[in-house]
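Participant: Take a look at the letters that make up each chain.
2 protein chains.
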Amino acid sequence: AGSLPLAGLAAGRAAAAAPPVSESAVSEEDPESPWKDLADLIDTGDSEGVAGFIDELDASDVARAIERLGREHREKVLAVLEPSAGAELLEQLVDAQGGELLEAAEPQVAAAVLQELDVADQADLIATLEPEDAKSILAEMPAEAAREAEFVGNYAPDTAGRMMDTEFLAFPQDSDAGRVVSDLRRRADEVEDDAVQYIYVVDREGRLTGVLRLRDLLLSPSWRVLETFMIRMPLALHVDQALDDILDVFDGHAFLAVPVVDGEGVLRGVVHRGDAQEALSERSEREHRRSQGLIHEELRSMRLLDRSRSRLAWLSVNILLNILAASIIASHQDTLSAVIALAVFLPIISDMSGCSGNQAVAVSMRELALGITKPTDILYVWRKEVVVGVLNGSVLGAIVAVVAWLWKGNPWLGLVVGAALALNTVIAVSVGGTVPLILKRFGRDPALASGPILTTVTDMCGFFLVLSMASTLMRHLA
Amino acid sequence: AGSLPLAGLAAGRAAAAAPPVSESAVSEEDPESPWKDLADLIDTGDSEGVAGFIDELDASDVARAIERLGREHREKVLAVLEPSAGAELLEQLVDAQGGELLEAAEPQVAAAVLQELDVADQADLIATLEPEDAKSILAEMPAEAAREAEFVGNYAPDTAGRMMDTEFLAFPQDSDAGRVVSDLRRRADEVEDDAVQYIYVVDREGRLTGVLRLRDLLLSPSWRVLETFMIRMPLALHVDQALDDILDVFDGHAFLAVPVVDGEGVLRGVVHRGDAQEALSERSEREHRRSQGLIHEELRSMRLLDRSRSRLAWLSVNILLNILAASIIASHQDTLSAVIALAVFLPIISDMSGCSGNQAVAVSMRELALGITKPTDILYVWRKEVVVGVLNGSVLGAIVAVVAWLWKGNPWLGLVVGAALALNTVIAVSVGGTVPLILKRFGRDPALASGPILTTVTDMCGFFLVLSMASTLMRHLA
Numbered sequence: 109a110g111s112l113p114l115a116g117l118a119a120g121r122a123a124a125a126a127p128p129v130s131e132s133a134v135s136e137e138d139p140e141s142p143w144k145d146l147a148d149l150i151d152t153g154d155s156e157g158v159a160g161f162i163d164e165l166d167a168s169d170v171a172r173a174i175e176r177l178g179r180e181h182r183e184k185v186l187a188v189l190e191p192s193a194g195a196e197l198l199e200q201l202v203d204a205q206g207g208e209l210l211e212a213a214e215p216q217v218a219a220a221v222l223q224e225l226d227v228a229d230q231a232d233l234i235a236t237l238e239p240e241d242a243k244s245i246l247a248e249m250p251a252e253a254a255r256e257a258e259f260v261g262n263y264a265p266d267t268a269g270r271m272m273d274t275e276f277l278a279f280p281q282d283s284d285a286g287r288v289v290s291d292l293r294r295r296a297d298e299v300e301d302d303a304v305q306y307i308y309v310v311d312r313e314g315r316l317t318g319v320l321r322l323r324d325l326l327l328s329p330s331w332r333v334l335e336t337f338m339i340r341m342p343l344a345l346h347v348d349q350a351l352d353d354i355l356d357v358f359d360g361h362a363f364l365a366v367p368v369v370d371g372e373g374v375l376r377g378v379v380h381r382g383d384a385q386e387a388l389s390e391r392s393e394r395e396h397r398r399s400q401g402l403i404h405e406e407l408r409s410m411r412l413l414d415r416s417r418s419r420l421a422w423l424s425v426n427i428l429l430n431i432l433a434a435s436i437i438a439s440h441q442d443t444l445s446a447v448i449a450l451a452v453f454l455p456i457i458s459d460m461s462g463c464s465g466n467q468a469v470a471v472s473m474r475e476l477a478l479g480i481t482k483p484t485d486i487l488y489v490w491r492k493e494v495v496v497g498v499l500n501g502s503v504l505g506a507i508v509a510v511v512a513w514l515w516k517g518n519p520w521l522g523l524v525v526g527a528a529l530a531l532n533t534v535i536a537v538s539v540g541g542t543v544p545l546i547l548k549r550f551g552r553d554p555a556l557a558s559g560p561i562l563t564t565v566t567d568m569c570g571f572f573l574v575l576s577m578a579s580t581l582m583r584h585l586a
Numbered sequence: 109a110g111s112l113p114l115a116g117l118a119a120g121r122a123a124a125a126a127p128p129v130s131e132s133a134v135s136e137e138d139p140e141s142p143w144k145d146l147a148d149l150i151d152t153g154d155s156e157g158v159a160g161f162i163d164e165l166d167a168s169d170v171a172r173a174i175e176r177l178g179r180e181h182r183e184k185v186l187a188v189l190e191p192s193a194g195a196e197l198l199e200q201l202v203d204a205q206g207g208e209l210l211e212a213a214e215p216q217v218a219a220a221v222l223q224e225l226d227v228a229d230q231a232d233l234i235a236t237l238e239p240e241d242a243k244s245i246l247a248e249m250p251a252e253a254a255r256e257a258e259f260v261g262n263y264a265p266d267t268a269g270r271m272m273d274t275e276f277l278a279f280p281q282d283s284d285a286g287r288v289v290s291d292l293r294r295r296a297d298e299v300e301d302d303a304v305q306y307i308y309v310v311d312r313e314g315r316l317t318g319v320l321r322l323r324d325l326l327l328s329p330s331w332r333v334l335e336t337f338m339i340r341m342p343l344a345l346h347v348d349q350a351l352d353d354i355l356d357v358f359d360g361h362a363f364l365a366v367p368v369v370d371g372e373g374v375l376r377g378v379v380h381r382g383d384a385q386e387a388l389s390e391r392s393e394r395e396h397r398r399s400q401g402l403i404h405e406e407l408r409s410m411r412l413l414d415r416s417r418s419r420l421a422w423l424s425v426n427i428l429l430n431i432l433a434a435s436i437i438a439s440h441q442d443t444l445s446a447v448i449a450l451a452v453f454l455p456i457i458s459d460m461s462g463c464s465g466n467q468a469v470a471v472s473m474r475e476l477a478l479g480i481t482k483p484t485d486i487l488y489v490w491r492k493e494v495v496v497g498v499l500n501g502s503v504l505g506a507i508v509a510v511v512a513w514l515w516k517g518n519p520w521l522g523l524v525v526g527a528a529l530a531l532n533t534v535i536a537v538s539v540g541g542t543v544p545l546i547l548k549r550f551g552r553d554p555a556l557a558s559g560p561i562l563t564t565v566t567d568m569c570g571f572f573l574v575l576s577m578a579s580t581l582m583r584h585l586a
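Protein chains in written order, with the working numbering: chain Z, 109 to 586; chain E, 109 to 586.
A few of these clues could be false.
Any copy will do: because identical chains look the same in the list, a pair fits if it lies in one copy or spans two.
[To be verified] With a cut-off of at most 20 Å between alpha-carbon atoms, the simulated DMTMM-like pairs for lysine to aspartate or glutamate come out as follows:
| hint | residue 1 | residue 2 |
| --- | --- | --- |
| 1 | K243 | E390 |
| 2 | K548 | E395 |
| 3 | K184 | D148 |
| 4 | K482 | D145 |
| 5 | K482 | E164 |
| 6 | K243 | E183 |
| 7 | K516 | E390 |
| 8 | K516 | E238 |
| 9 | K184 | D151 |
| 10 | K548 | E390 |
| 11 | K184 | D359 |
| 12 | K184 | E252 |
| 13 | K516 | E335 |
| 14 | K516 | D348 |
| 15 | K184 | E214 |
| 16 | K144 | D348 |
| 17 | K548 | D163 |
| 18 | K482 | D442 |
Simulated from the structure, these hints should not be mistaken for lab results.
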C-alpha cells in the first residue's frame, strides 16, 4: 500500500495558483458544518463515502468534523470505515482525539484499527485510554501484537524506544550490493517511503555495525560486500535516551534518521527527525497547557465530568492557596477599615505582581527548555531578574503612586501603594525567575507548580507590604 | 563538505550503554561553568581550540556557554572562528541568540559567517537584527547573496517560501536515468545529505513536471528517459502557502519533503518535514511566550534596557486595565467600609476567576491551533464552557462560602461571596473560551490579548457582583 504516494494526490488548498499542481474539488471552500454531512454518511453505513469524505478534507477540517459529531455517530465512525482507512484517520488526529474514537468504538473494531498503525503510534494511543478500555482492546489483538505494543508502551514517554519506528531495512554485513538491490526491488511495494533513507548493516546477532546510504549503494558495483563500503560505527541512540539527547543529535548533524539500539547493541528501530521535532512540539504544548492549569489534555468533545474534574484538580489547590494569601488581609482588617482606599489597590498589586512574575517564569521555562539555563544557575538568574525588577517596579510603582495621589489628594497613600508595588515587583521577578529552576532541581514539574507558588508568595508579600507600611504611616493616611 | 556525516562522530551523551557506538570524552561530565574555558580560548585567539570546544559540547551546553560570556568575549566569538565553524555554531543556537552574536560581531565578520548558511537561515537570523545592523551586514555581503537573502526574507514568516531549502536536485525531463546517476556520482561530495530524498524533474522553463524517488532510479535501466518513469503532477506547495497548509500536507502524506513552486509553476525550493515541524514548534513557543506577557523573545543575556522595555510594553497596558477594574471597587467604598470582610475576598474572586478563564483560553488556543475550532464556532464553544463553568463555579463557590461562613459566623457573607464566585466563574469561562475566537476572527493575536481582556472583564464583573450583592443584602451583613 502507498508505494506511489506522490502520484496525483491533491492536498486541500495546496497551490491553487500553481499550474502543474492538481487541485481538489474542496480546495476553495471553507466547509461550514462538515460534521452534518459526515453524520449522514455514517448513518447510511457508506464505508467508501466516509473514507472519501475524510480524504477530501484538510486534516484540521477532519478533526473539526470528528469533534462535533454526536456520541451516537462517534461510536460508529471506526466501525463504518475499513480498518486501514480508520488507521489513516487516527494518524491525522492528535492522540487525545484518536483515543476518544477508540474508546467510543467496540473493542474488536478498535483492535483491528490499531493493528494497522505502527507500534509507536499504537503505544501513544493506548496511553491516552482508560486502563480498562486499553485492556479490553489489547485482549482483542493477536497476543504477539498486543505484547509488542505493551512492550513499546513501557518505554518512558519521550525516549528513543518510545518514539522509534520499528520498520527499517537491515542486511547482514557479508551480503553484497547486488543482493540488497534485488531485495529492495522485490520488496519495493511493501517498504514504506520513509523507511529507506538509510539501510542498516548488522552482524549475525543483529547488532548494528554499519550504515549504507542509498546513493552509495546506487554508485557501487553489485559484487561489493557491504562491509567494504558501509559507514562503520554509525552514531546510534540507546532505547532509553531522552528527547533532549535525541534533539542534540539532530541539532548537531544533518541526519534524517538515527538508528536505535538496545543494551546489547542490537538494532531495534529508527528515530526520524520529524518524530523528534513532533515530540518536542508536543512537550512544549504540554508544558504550556500545564502552566495554564490544565493537567490533562482537554478537548471540548470529551465528557463533561472528565473536563470538569481535570480543571478542578488544579483550581481546588489554587483556591486554598488563595485563601492562605487572603489571610494576610484578614489579619490587617483594622488598617484596612481605617484606610478603605487601600482595598482598591490590593487586587492591582496582586495582579500586577503576578504578571511581572509570570514573565520571569516564562523566560526561565524557555531558557530551561533550550538548556541555556540549568537548575544550578539560580544565582545568575536571580541577579539578571533583580535589575529588571528594579527598573520595571519603579515605573509601575510610579504609575500607581500618581493615580493614588491624584485620586485621594494624599501623597502618602501614593507612597505606600507605589513603594509596595515597586518592592513586590522585585520579589515577584526574583521568585518567578528562580522557582522553575528550584522545582526542576527537585524533580518537580515547573510548568504545573510555578504559577500557583508564584502567585501565593507574591500575594502574601504584596498584601503584607501595603498593609504593614500603611499601619506604620497611619497618622498620614487616616 | 560533509559527505560522510555518519562516520565516527560522537554525539554528546549518546548511547553510553551501547557497544557499537563511539563515545566522546565529555559524554559523562556536566560542565559546571563552560563559559570560563570558552572565554580563555577566545582570549588566546585559538581558532581551532574554540571550534573544538564547541564541537565537544552538547548543543544546549554550547548555548549556555555563549549566554554566559561577557560582552567583550561575545564580540569576539565569530571573529575567532572560521566562517564555516561560525555558521555551524549559529545553526546550533536559537535565532535570537545567533542574532545577538551577529550584532556583537563586526559587520564583515557577520557577513562572512552568514554566507555559509542556507538562505532560509540567513533570512531568519537577519529578521532578528535591528534594521541598521541588518543593513550594515548585508552591505558587506556580495550583492547577489544579499539580494537573495532579502528576497527570501520578504516572504511572510511561516510560509513555504520562507522555510524552503533552495538547494535541491532537478533534472530536465528528457534526460535519461544514466545521466542522472553519473551526475550524482560526479557531485556526490557537494550534495547535502538531506537534499537527495527526491529528485525533481523540470521542463525547459524550470517548471516542475515530475519527481523521481531515489529507489526508482536505482531500479531503472540507464537508458530510460525520466519522463517515462517519473511520478507526474507531483504534489507541490506554492511559495505563499502558510504553515497550516504545509502541516496538513505532511499530516496527510508520508512525504519527507515537498517541492515549492512559484506562480508560474517554476520549482523554487523544497520544504522538509522537519522544517515544518520546527516552524510549528516555534509558533507554539511564540504563542506561549506572548500569553505570558513577553512580546519579544527574551534571553537573559540580552541588554537590560531591551528586556525591561519589552516586558513593560505589556505591563503598562495591563496596569491601566487593572486600574479600570479597580475603579469598580472605588465606586463601592461605602459598602466595603460597612463590611470590611469583603475586602479579604475580592482578590480571591479576582484570582480564581482569572484561573478558570485562563483554562478556557488555553483549551481554545489549543483547539484553534489544531483547527478543531474555527473562529465562527463561538456558540458551540460557549455552550461547552457554560456547563463546565456551572459545575466548577458551584464547587469553588461552595468552598469560599463555607470558609466565609465559618470565619465570620455569618451565612449571608458566605452566600454573597460564594454566589459571586460561582456566577463569575461562569462568566470567566464564557469569556475565556470565546475571546480567542473573536480576536482571531478580527485578525488580532489571541495569544497576546486574550489574557488582559479576560482578567479585566472578570475582575470588573467579580467586583461588581460581590459589592452590589453585598449592598442589596447589607442589613444581613453589617
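Participant: Now tell me, hint by hint, if it's right for this structure.
Facilitator: Against the structure, the hints come out as follows:
Taking the shortest Cα distances, K243 and E390 never come within 20 Å of each other, neither inside one copy (26 Å) nor across copies (37 Å). Taking the shortest alpha-carbon separations for K548 and E395, only the intra-copy value of 13 Å comes in at or below 20 Å, while the best inter-copy value is 23 Å. Taking the shortest alpha-carbon separations for K184 and D148, only the intra-copy value of 12 Å comes in at or below 20 Å, while the best inter-copy value is 67 Å. For the identical chains of this complex, K482 and D145 are inter-copy neighbours only, at 18 Å across copies versus 52 Å inside a copy, given an alpha-carbon limit of 20 Å.
In this assembly of identical chains, K482 and E164 lie within 20 Å of each other by CA distance solely across copies; the values are 18 Å between and 47 Å within a copy. Taking the closest pair of Cα atoms, K243 and E183 come within 20 Å of each other only inside a single copy of the chain (18 Å); across copies the shortest separation is 59 Å, beyond that limit. In this assembly of identical chains, the alpha carbons of K516 and E390 never lie at most 20 Å apart, being 51 Å within a copy and 47 Å across copies at closest. Taking CA atoms no more than 20 Å apart as the test, K516 paired with E238 passes in neither setting, with 59 Å inside one copy and 44 Å between copies.
Taking the shortest Cα distances, K184 and D151 sit within 20 Å of each other inside one copy (9 Å), while across copies they are farther apart (69 Å). In this assembly of identical chains, K548 and E390 lie within 20 Å of each other by CA distance solely inside one copy; the values are 19 Å within and 23 Å between copies. Proximity of K184 and D359 under a CA criterion of 20 Å is satisfied in neither setting, with 43 Å inside one chain copy and 23 Å between copies. Proximity of K184 to E252 under the C-alpha cut-off of 20 Å is found in neither arrangement, the shortest distances being 27 Å within a copy and 59 Å between copies.
Proximity of K516 and E335 under a CA criterion of 20 Å is satisfied in neither setting, with 87 Å inside one chain copy and 84 Å between copies. For the homomeric pair K516 and D348, neither the shortest alpha-carbon distance inside one copy (64 Å) nor that between copies (56 Å) is at most 20 Å. Taking the shortest alpha-carbon separations for K184 and E214, only the intra-copy value of 9 Å comes in at or below 20 Å, while the best inter-copy value is 65 Å. Neither within a single protomer nor between protomers do K144 and D348 lie at most 20 Å apart by alpha-carbon distance, with minima of 45 Å and 32 Å respectively.
Proximity of K548 to D163 under the C-alpha cut-off of 20 Å is found in neither arrangement, the shortest distances being 44 Å within a copy and 27 Å between copies. Neither within a single protomer nor between protomers do K482 and D442 lie at most 20 Å apart by alpha-carbon distance, with minima of 45 Å and 51 Å respectively.
This entry does not satisfy hints 1, 7, 8, 11, 12, 13, 14, 16, 17 and 18, going by the numbered hints stated previously.
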